Amino acid sequence: MKKNNIISILPLAEKIKQIEVFSPEIARKIQPGQFVIIRVHKNGERIPLTVAKKTPATGILTIVFQEVGVTTTLLGRLKPGDALHDIAGPLGKAAEIMYYGNVVVVAGGVGAAEVLPVCGALKSKGNTVDVIVGARSASMLILLDDFKKAGDRLFIATDDGTAGDKGFVTDVLKKLVTAPGSGGISLVYSAGPVLMMKRVCEIAKEAGIRTVVSLNPIMIDGTGMCGSCRVTVSGKMKFACVDGPEFDGDDINWDELENRVKLFSGQEREAIKKLNDKK
Amino acid sequence: MTRNKMPEAPAAERKNNFTEVALGYTEQQAIMEAARCIRCKKPKCIEGCPVGIDISKFIKEIAEKNFSGAIKTLKEKNNLPGVCGRVCPQETQCEIKCVLGKKGGLSVAIGCLERFAADWEISNAGGEDCPKTETDGKHPPDEKTVADGKKKVAVVGSGPAGLTCAADLAKAGVSVTIFEALHEPGGVLRYGIPSFRLPKNIIEREIQYVKSLGVEIICNAIIGKLRTLDDLFKMGYSSIFIGTGAGLPVFPGAPGVNLCRIYSANEFLTRINLMGGNDPGKYDTPINTGKNVAVIGGGNTAMDAARSALRLGCDVTILYRRTEKEMPARLAEIRHAKEEGIKFTFLTQPVEFTGDKNGYVTGVKCLKCTLGEKDSSGRQSPVPVRGSEFVLPADTVIIAMGLKPNPVIQRVTAGLETAGDGSIRVNPDTMETSIKKVFAGGDIVGGEGTVIEAMGMGKRAARSIVSYFFSASA
Numbered sequence: 001m002k003k004n005n006i007i008s009i010l011p012l013a014e015k016i017k018q019i020e021v022f023s024p025e026i027a028r029k030i031q032p033g034q035f036v037i038i039r040v041h042k043n044g045e046r047i048p049l050t051v052a053k054k055t056p057a058t059g060i061l062t063i064v065f066q067e068v069g070v071t072t073t074l075l076g077r078l079k080p081g082d083a084l085h086d087i088a089g090p091l092g093k094a095a096e097i098m099y100y101g102n103v104v105v106v107a108g109g110v111g112a113a114e115v116l117p118v119c120g121a122l123k124s125k126g127n128t129v130d131v132i133v134g135a136r137s138a139s140m141l142i143l144l145d146d147f148k149k150a151g152d153r154l155f156i157a158t159d160d161g162t163a164g165d166k167g168f169v170t171d172v173l174k175k176l177v178t179a180p181g182s183g184g185i186s187l188v189y190s191a192g193p194v195l196m197m198k199r200v201c202e203i204a205k206e207a208g209i210r211t212v213v214s215l216n217p218i219m220i221d222g223t224g225m226c227g228s229c230r231v232t233v234s235g236k237m238k239f240a241c242v243d244g245p246e247f248d249g250d251d252i253n254w255d256e257l258e259n260r261v262k263l264f265s266g267q268e269r270e271a272i273k274k275l276n277d278k279k
Numbered sequence: 001m002t003r004n005k006m007p008e009a010p011a012a013e014r015k016n017n018f019t020e021v022a023l024g025y026t027e028q029q030a031i032m033e034a035a036r037c038i039r040c041k042k043p044k045c046i047e048g049c050p051v052g053i054d055i056s057k058f059i060k061e062i063a064e065k066n067f068s069g070a071i072k073t074l075k076e077k078n079n080l081p082g083v084c085g086r087v088c089p090q091e092t093q094c095e096i097k098c099v100l101g102k103k104g105g106l107s108v109a110i111g112c113l114e115r116f117a118a119d120w121e122i123s124n125a126g127g128e129d130c131p132k133t134e135t136d137g138k139h140p141p142d143e144k145t146v147a148d149g150k151k152k153v154a155v156v157g158s159g160p161a162g163l164t165c166a167a168d169l170a171k172a173g174v175s176v177t178i179f180e181a182l183h184e185p186g187g188v189l190r191y192g193i194p195s196f197r198l199p200k201n202i203i204e205r206e207i208q209y210v211k212s213l214g215v216e217i218i219c220n221a222i223i224g225k226l227r228t229l230d231d232l233f234k235m236g237y238s239s240i241f242i243g244t245g246a247g248l249p250v251f252p253g254a255p256g257v258n259l260c261r262i263y264s265a266n267e268f269l270t271r272i273n274l275m276g277g278n279d280p281g282k283y284d285t286p287i288n289t290g291k292n293v294a295v296i297g298g299g300n301t302a303m304d305a306a307r308s309a310l311r312l313g314c315d316v317t318i319l320y321r322r323t324e325k326e327m328p329a330r331l332a333e334i335r336h337a338k339e340e341g342i343k344f345t346f347l348t349q350p351v352e353f354t355g356d357k358n359g360y361v362t363g364v365k366c367l368k369c370t371l372g373e374k375d376s377s378g379r380q381s382p383v384p385v386r387g388s389e390f391v392l393p394a395d396t397v398i399i400a401m402g403l404k405p406n407p408v409i410q411r412v413t414a415g416l417e418t419a420g421d422g423s424i425r426v427n428p429d430t431m432e433t434s435i436k437k438v439f440a441g442g443d444i445v446g447g448e449g450t451v452i453e454a455m456g457m458g459k460r461a462a463r464s465i466v467s468y469f470f471s472a473s474a
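Going down the list, the sequences are from chains Z and L.
According to the numbering used here, the first sequence is numbered sequentially starting from 1.
According to the numbering used here, the second sequence is numbered sequentially starting from 1.
Hints are computed from structural coordinates only; laboratory data are not their basis.
None of the values given here were measured: they were computed from a predicted structure.
Each hint should be verified, as a subset may be incorrect.
To be verified - Straight-line distance between alpha carbons at most 27 Å, and here's what the computed BS3-like set of lysine-lysine pairs gives:
1) Z/K274 x L/K282
2) Z/K125 x Z/K205
3) L/K152 x Z/K42
4) L/K291 x Z/K29
5) L/K282 x Z/K262
6) Z/K238 x L/K365
7) Z/K236 x L/K211
8) Z/K238 x Z/K274
9) Z/K125 x Z/K53
10) Z/K262 x Z/K42
11) Z/K3 x L/K404
12) L/K41 x Z/K236
13) L/K200 x Z/K262
14) Z/K238 x L/K234
15) L/K211 x Z/K3
16) Z/K3 x L/K234
The whole structure should be built from the sequences, with the hints applied where relevant.
This is the structure:
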């Protein structure tokens, strides 16, 4: 087997795919909370991606991604036997895994892939891990079977009510933290869209619970060199690639982050239109 | 005889493209320039060269039209002559020592001649007749003891320090693997220096040369993350050289610094130089600029960023806290920037960035400065003038205020001593760190220096590593 080779590629939901790639060194080393940076072709961009699973014995990494931009779209077009042009990692600090007691994990969209290994690691430290997974619609939910195994209770929310509760993950979280006897929750862990994480932090804070979030800002090198992923945490500048990607959610300047992650969306739309026209 | 000026592309033309500005000597010009050298008995120029090139010898060879001899002489000491001939600040290193310059005339254009010899080799020779070994007198390489597969050295980072260290080790018969974090080798030569100063094919060529010596380069290998230094020792490397550079950009503490379209020079230049962001038809990486760019800083990186932005079609102003006289950038770079139409606002210190409701930068709030007492750098330090506040409108800002050492390895390596700024402490004679058999050099040790200073440190480390093998060849 050649390094970077794609073993399988599977649609998990609408526009969300999972690839298994042969990358034995990273598979041996990567810890929950860390990520990789890939390039699809020799003139391609570098994008950070989430590793949902690793199998050190076979050298396989399972990467989950949403087809939103040019790079993820091209990635989604690869076939088994193709290879990633580049894969670098593991990047970022590993998640802080220890015994907290009762933990609630909240994931939105493709953020579910990021929290899955964290969820498993928290569970194996003896935590009780309740999981809230949400998406716009039932067809966009991913990794539910994995969460059933990795966590304790699993709560589902969809915007249109096609699966689980109708509404947002934050509504479910609110119910959980305000339910009688919920005082035992010692940590909320969250990954997903910026606005969702912001709201999760607000709800947890009101209930007096600390939230740890895993951020996914724009990056190039992932080693601290470019400063593209800088975020304001407790009024100080931090680089998500080397200081994070996990931070205490209450300390983050969310409005700034929300603006920064949209910096290239106009160009992205044009590029994706061009790509689709070419096809 | 006056100094032969190197021909340059006209400013009006070159400001629209990324092709090289300085065009290089013709053979005739090179021979004429080389003939200006008065061949001092004790050449001072060599003292000024951090890698100790036998300058008077290679210049004599050029004067005698022995170009292959000249490149051979250069490569005995300098593994990257095509790079150094272009980006070294010769005016403050070798050329400043030239007797011709001291006598009131103009020094020999050593840099231009070095570049000529390197370029001559590209177009005329295969480069196969490079010297295989370097004898520094003290430690004659003995290929039997070092090249029998036992002595392997890992070099971390493929910038100027790493490439030099690796090449010198390879020349001494050591088996070398370079681990590079990015997807292409070259470090700051690749991501930092624009192609109008250092064309990609020159970097490519120098890296090919280092590989031709037997050096293996592995990209996408982030040491400190994928493998620790301990892992490398376990893999059988007897010694490690760390050349991970000054990678961490410095941002001002001014409010609004995280507004959209405020870039570090590193990010801006990387998007173009490494990722091809200036050529969206061919490359996928975007770059988002407006029309009015403010560049903050006065070093070579500021000039590079400003001139790159200009080539993207922007109107560019450089803001610097001191006056032109104190600017750390090379005179030629400042001149090039001016010729191309970049504006300079001196004695100006940014204090805040203003933005619109979408979080995009709209301007730089500045204070005018005067020059006060001399600071530790020996330059007069800028003193902001109260009440002098003004706003320079800008829809894009590039911050080129310097870099700190890359922290990745230091954070995970117990026992690796660092200085207050995070740089790695070494014994300056041997370049050995606080960990035995681990060496370091380049900007990770010296902070932001020049390419040639980094190379000098890489060279010193290679010498120590080789001598280690000979003294401790157990």
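Violations among the numbered hints, reported as their numbers in ascending order
3, 4, 7, 8, 11, 12, 13 and 14
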